[in-house]
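Protein chains: 4
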Amino acid sequence: MDFNNTPRSAELLQQLRLFMQENLYPFEQELVAYHEQHNLSADWKTWSEHPKLAELKQKAKAAGLWNLFLPDSKLGQGLSTIEYAPLAEEMGKVYNAAEVFNCNAPDTGNMEVLFHFGSDEQKKQWLEPMLAGTIKSVFCMTEPDVASSDATNIETSIEPDGDEIVINGTKWWTTGLGHPHAKIAIVMGKTKGTEERHQQHSMVLVPLETAGVTIKRMLPTFGAFDAPAGHGEVSFENVRVPKANLILKFGAGFAIAQGRLGPGRIHHCMRCIGAAERALELMIKRGNERVAFGKPLNKLGGNAERIADARIGIDQARLLTHYAAWKIDAVGVKHSMTEISAIKVVAPQVLQQVTDMAMQMHGGVGLSTDFPLSSFFLQARALRLADGPDEVHKGVISKIEIGKHLH
Amino acid sequence: MDFNNTPRSAELLQQLRLFMQENLYPFEQELVAYHEQHNLSADWKTWSEHPKLAELKQKAKAAGLWNLFLPDSKLGQGLSTIEYAPLAEEMGKVYNAAEVFNCNAPDTGNMEVLFHFGSDEQKKQWLEPMLAGTIKSVFCMTEPDVASSDATNIETSIEPDGDEIVINGTKWWTTGLGHPHAKIAIVMGKTKGTEERHQQHSMVLVPLETAGVTIKRMLPTFGAFDAPAGHGEVSFENVRVPKANLILKFGAGFAIAQGRLGPGRIHHCMRCIGAAERALELMIKRGNERVAFGKPLNKLGGNAERIADARIGIDQARLLTHYAAWKIDAVGVKHSMTEISAIKVVAPQVLQQVTDMAMQMHGGVGLSTDFPLSSFFLQARALRLADGPDEVHKGVISKIEIGKHLH
Amino acid sequence: MDFNNTPRSAELLQQLRLFMQENLYPFEQELVAYHEQHNLSADWKTWSEHPKLAELKQKAKAAGLWNLFLPDSKLGQGLSTIEYAPLAEEMGKVYNAAEVFNCNAPDTGNMEVLFHFGSDEQKKQWLEPMLAGTIKSVFCMTEPDVASSDATNIETSIEPDGDEIVINGTKWWTTGLGHPHAKIAIVMGKTKGTEERHQQHSMVLVPLETAGVTIKRMLPTFGAFDAPAGHGEVSFENVRVPKANLILKFGAGFAIAQGRLGPGRIHHCMRCIGAAERALELMIKRGNERVAFGKPLNKLGGNAERIADARIGIDQARLLTHYAAWKIDAVGVKHSMTEISAIKVVAPQVLQQVTDMAMQMHGGVGLSTDFPLSSFFLQARALRLADGPDEVHKGVISKIEIGKHLH
Amino acid sequence: MDFNNTPRSAELLQQLRLFMQENLYPFEQELVAYHEQHNLSADWKTWSEHPKLAELKQKAKAAGLWNLFLPDSKLGQGLSTIEYAPLAEEMGKVYNAAEVFNCNAPDTGNMEVLFHFGSDEQKKQWLEPMLAGTIKSVFCMTEPDVASSDATNIETSIEPDGDEIVINGTKWWTTGLGHPHAKIAIVMGKTKGTEERHQQHSMVLVPLETAGVTIKRMLPTFGAFDAPAGHGEVSFENVRVPKANLILKFGAGFAIAQGRLGPGRIHHCMRCIGAAERALELMIKRGNERVAFGKPLNKLGGNAERIADARIGIDQARLLTHYAAWKIDAVGVKHSMTEISAIKVVAPQVLQQVTDMAMQMHGGVGLSTDFPLSSFFLQARALRLADGPDEVHKGVISKIEIGKHLH
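Same order as they appear, the protein sequences are chains A, B, C and D. Going letter by letter, the first sequence gives residues 388 to 794 in my numbering. Going letter by letter, the second sequence gives residues 388 to 794 in my numbering. Going letter by letter, the third sequence gives residues 388 to 794 in my numbering. Going letter by letter, the fourth sequence gives residues 388 to 794 in my numbering.
No wet-lab data here; the hints were simulated from the structure. These numbers come from a predicted model, not from an experiment. Take every hint as true, because none was put in to throw you off.
As the list makes no split between identical chains, a pair holds if one copy fits it or if it spans any two.
The calculated DSS-like cross-link candidates involving lysine-lysine, where the alpha carbons are at most 25 Å apart (straight line), are:
1) Lys791 x Lys721
2) Lys444 x Lys461
3) Lys570 x Lys630
4) Lys570 x Lys439
5) Lys682 x Lys577
6) Lys682 x Lys579
7) Lys686 x Lys786
8) Lys686 x Lys672
9) Lys444 x Lys432
10) Lys511 x Lys448
Sequences and hints are given; from them, build the entire structure.
Given below as structure tokens:
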């Protein structure tokens, strides 16, 4: 066994660190300030991106730190999942840094869908501008009326009608829907015709400006709107798109989703680990600096033990995530279900726990935007539902384990 | 032993439930909508109270559901701590309902300070309008430059100068500072003259419009501002008030604080328990209604066990809180330190855990303001720091326990 | 509310403490030594009781500290469940102390069965010597071939045959079966004739010397045999007893069991709390005395926080147990199912956790019989299965909670 | 990164599995029975080894499954730590299986001490028969009168006197002391002469038959004696051995201990992981077979989730242990302190948790010796103290972490 990463990945990591040190850490509080000034309103039409972001993206692209997530060596950097892992972790240390490297969700997952399953025309029309970072995309899966954690519950209808496809239904928790650059949606829905539960769904590309597409509202999470991306509720009323917008074929929705969510879940987890490392660093520094009852906080009560717990938890989460990434590369997503579900449970929980401790060490200010802790904490908490709640992932794992001992 | 409450408390509880059922539950989402429309900005000067609140307060006052927290039978309803407990719990079921009954922090604590330690003049000038609900108050304790969980660290200076008192320093996490009705601050600070660590601090009344008082900003918690109350940062630069504004005497700050925080901590805990009951109810209902993988969520995985865990946790937290309340009534705050610290640790944690589970059961919408869960969750999380972090309270308890076995 | 206990209970508690201080604490290590010398073998026929026990029982009886558990004022001391609670807790502080006061399981539960449901003849023949402490009894419930946590699974047959009853089946985990004084078993089994799942079972008195009763072995728990009581496996092969040995009537087994287990579960929990208090005391004392890395252990790492956690956990468990006891007295076992199940989950877990911490604080010797910690720990661990596993009790609670919100 | 093991290790693993399948699993209950018949007494002089063990050892030696732990390719199999990991894990699945392969503690650690630091004469006299499995050894570290978790507290004196060394002191928790084959002790003690806290201790070889060595008693853990090895208390009164028995030199005790305990701790952890895998397998099988309330236990309540938790916990523990092993091989014990301490905390806890769950799933019989669960559970519990309590290891980790951010 060899736990070292490849030279290529190690080299990119060093470049990424340097880039972030020079460009993103100094920008962090400026972004918070911009957000507080421009993007707190519930009215998503008023939201805007910090003007400097475009410039930073150009800089990252020029430095070769662009589309690192994509395993293709022409369109991306040709990195395997395990090679990308430490890079995603590094990005996770600054909230939303992945955006600057065109490595942010849900665009990455959507690009992967088109890369793997899109037609040439779909690639030209949508994948190329997404890879260039000029447009943004959303993924419409969750629905308000059904428990969408069981994706077979999804009811939005996607039906052929001559040369067109007609879409009817309502989606919510569509991340990125409020972004000024959001142009295209991948919509998951049900198509009549087959009885097999996992072959009833289809995915279709729907430009957001299509007639019948109505953004109804942005949903706050924990009282805030996560602008300028946002999480939206959107209705599709007799929305019509050309048949060429169908991805792969009718009934392929589940197969595509499975492929899409595997690496995407890993990316989230990697970023969680980076965020947790940052939180631990901030926690230790604060605990060294602040004094109460005559001692630095790190020497009071159980604080030092909590630091040890954090170190252990983070290291374990990283190893499990690396292992899952390695296994995806070695045997594919389909044979890595236990590992993918396991890290999806573990990584956000570790981040939630570590930031929880770190906020306690900071006192009140730990809850504010003066530090990134509270946004990491909410990111972790939300992620325990996004891409499948913990309970569903544990269900996947236990089903596999129990099955090993059934005859 | 008798675990029944008094007839007086039971009767008020029934009235309170009816009032809330008729007036507050129907108003809950309207308040959220008002808040999203008017109060999301970081600029606290734009914040406003929902116009219907004043009307609701009049209604509550008329119904005799007013100042229930105050043990005095003329100014309040003459309830003991344990009699007030179930009422505070009930209020906790609707976010900020306590406001309607003039039972909200930090006003309750400030009223108790003036009730117990204020001069007649101070009572007339400040306590009376607070009891009438016409003005609001803040409590300035925490400081940005020191670990304020150790209150002896507090550095703001409060010094006599002839017939006046001069205040210099900076405070933050001053809750309610952004409220349009906030008029008066109780400021804790240090006065030269004594060596004994717990007799160096004083409390003084400072009208917010006094020259030299500058509200610098409101601090977001988890990205939102908790408007129209807010949590503010405020500086005092050579602020001068008459000596009559001193509470009790120089050096009495700690003694006053101790008395102030005891019942106040209990009130918070009672409300936490009510909020947790509401969250559990919402969780069970959702789990009965929603179906995944062919079964109601309550029959899936560990969901039913989590419901049992929640019931156990809530019942234990309530019993401990009632016990602490009973002990305060029986032997006083000073001899109930273990119990007060214990519930301050337990109640917010139970609320955090129960709402965490309840949000998982709700899926994405559990994080939004369509349900009160996410605001309960953040209330719990913030409370684990407010009025002393968990770690400090555990320190109090362990010190007492260890002391029992030292000779 | 009043959290004080009755004068009668308080007075008995004081007497009990004195008695234990004088007679049981000094005897504790002597009993351990006797056990190590005489009672470690797997061959239960060699087991014996410490000769001094009989004398101690006489002393306790003479002091009026006898059959305290029995609510009858002639046969016992006429204490309510809540009045007995602090006495049982006190007994729990010394391993097996309850034995000395004729308050030990399973005899107490068996006496309660006969007290409530036995015929006059059964009372005369069996209850009287049990109350006198001259014989011991066992309760045969669990079976090796079925998941006995669902008691409807029980398969031992109890069938009428003329004037006799015939019993066939195998039982195990029959506590006390190895004791030299064990004379009588209450056997739970199935009787043909009714379809209703909870009316198919009967209870019958079977003297252990009856033909066809064979003790097959004693079962070790964690490698030791808990002698001289032991937990046995016993087969009944065409065992015949007179019909007069039937308790109440055929089909009444479940109703009797329910009544039997309610208070019995509480008694176990009370003793757990006492044991946890003792463990905490030992933990603190050790932590004050021993020095590592230049400090007493109580000042190292998270040890002080753990002491606080223990205090909080114990106080919460006691309150919940007292509340359950009070509720049983007020509204009966049938309407206290949530509370009884809740403490059955909580109390052993608290004891397991506190002893776990206490053993860590003691180092290796904490695992030995030089201290009572390891036996408390195993008592707690075993109790999480005995009288219903945690999981079944949580199932009871969640079913009630979920039912509140079903229409 | 490559998470595959080497072909050499994989091949040995297959052979080991086969050997255990054929020889050890069928022997498991026979060993339990032998133990119950011969080895329960507190009188260690009566203890004996199962006669078949010698034969099994010969068989293992013949199969090349011997001294696998030793990195030397002549004396052992020349495996690196990471190569040995899966083999140790496999051995862990059967209680005490490591013994059969001459890979059991404390002999392995003692052999490593002599291999790395012993003189040629010491190797010839003691290492050779230990490697041949003809004698057994003990390691005398812990002392009754001081908190030995801080090894600088150790007080036994080891002083030169002419050509001899004189030893005075008392040790306990000396594992293996009761074994009929135990011949030699490595004793850690203090030697006058230096002030530096970590250079005051020495290690010396003391044959157990030396005059002045007195075995005072065996200490029970959780009421049982772990015979025929046992954990003993032993006094050294003016014990004299030749100077040639000194290991390395005076003052080298700490350096030797550090080197000794690193790999030894890992071996324990590997075995824990194997034991946890076995427990999980037993848990799932039992949960599939047993039915309650109309369903297999695996479909009841939170049981399936617990299976997922166990899988996640075990996989994380294994990865961390492999990582620590790899790091020891790559950079040495000294630079792997965080990782070694981390697995020492994690692996026993995972084993304790998984066996705890597995026992619950089994009901009462899970606590008996009919299944290996209860012995795994106690092994885990004891290991949380042996080789340094969890709290000390967390202290090591937090010190390193905090140090990273101190200037």
